[in-house]
Amino acid sequence: SAVISQKPSRDICQRGTSLTIQCQVDSQVTMMFWYRQQPGQSLTLIATANQGSEATYESGFVIDKFPISRPNLTFSTLTVSNMSPEDSSIYLCSVQGDGSSGYGYTFGSGTRLTVV
Amino acid sequence: AQSVTQPDIHITVSEGASLELRCNYSYGATPYLFWYVQSPGQGLQLLLKYFSGDTLVQGIKGFEAEFKRSQSSFNLRKPSVHWSDAAEYFCAVVIMEYGNKLVFGAGTILRVKS
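Residue numbers (the numbering used here), protein chains in the order written: chain A, 1 to 116; chain B, 117 to 230.
Simulated pairs of lysine to aspartate or glutamate, EDC-like, Cα-Cα distance not exceeding 20 Å:
| hint | chain 1 | residue 1 | chain 2 | residue 2 |
| --- | --- | --- | --- | --- |
| 1 | A | K7 | A | D87 |
| 2 | B | K217 | A | E54 |
| 3 | B | K165 | B | E136 |
| 4 | B | K229 | B | D124 |
| 5 | B | K217 | A | E58 |
| 6 | B | K184 | B | D170 |
| 7 | B | K165 | A | D98 |
| 8 | B | K217 | A | D98 |
| 9 | B | K229 | B | E204 |
| 10 | A | K65 | A | E54 |
| 11 | B | K177 | B | D201 |
| 12 | A | K7 | A | D26 |
Quick caveat, the hints were computed from the structure, so don't treat them as lab data.
Next comes chain B alone, as it looks inside the complex:
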């Protein structure tokens, strides 16, 4: 079955430490990949997206993600986490051949400790 997997439900990191959030997808076709962030009580904000080209994508708020086709992964990274980064992060995938539908992973809740 087609799916998007975020294996970590919760992650806690210290402020200033590096961060990596994992995302894997199981689609045969070439995906379009997204990372969204949702702060408590807030809407969804797009951090970055990958359609084609350079597999290392830069986003807002100092985030980046790398598409690795061989591993079917699109992990999100940040070199130094700030307390304001505490939120829930969603990886999402679109397969255009299947109707432009954005399919979300379960989400990873990031906690930042001072």
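Chain A with its partners taken away, still in its complex shape:
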């Protein structure tokens, strides 16, 4: 299965600033997914990022707040913009494997964001 490197692993940020999270995959993948896990909660899909097209956002998430780049088939970034304490969460990227890996979904180790 794919190996995902996600960074930073954690950060403490001032409100009103922005943070860009990077996700690097060791193989080419068509779709990458970004999730948010608020404290004590489950994972919620933010958006799906395909290379060469704009990301598709889920209800409740907008591009101005969470811009995503997908410049190639192995890399993506998620920016959390104009942060407030409510953005304090773990952010994870994920990819779907191909048939050789049984189409399982692999996750990065996550970015633990604290906004103060």
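For this one, chain A is given, so just place chain B on it according to the hints.
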């Protein structure tokens, strides 16, 4: 509405006892089903998955799950729990017709008492 339900928020079992974590989904189409485990401060690890075929699926760490279409369920089981199994467990579902999106249940926190 499409959803994944894990009815138990917390479960406590004694070490060595058997375990069953429940998961139900409400989709009309054939789902792909997953169980993930998340230890405190750790990332998500895939325990097992079901796509088709034998409805009893074996996973890592001695876990298994059974897909029951008639009950829309995919319950996770382990015959003998170890203290290291204490973690949060997430059931997740993909409906390929809806765009390969993995939808998670709320999670079940497992506590193991010695």
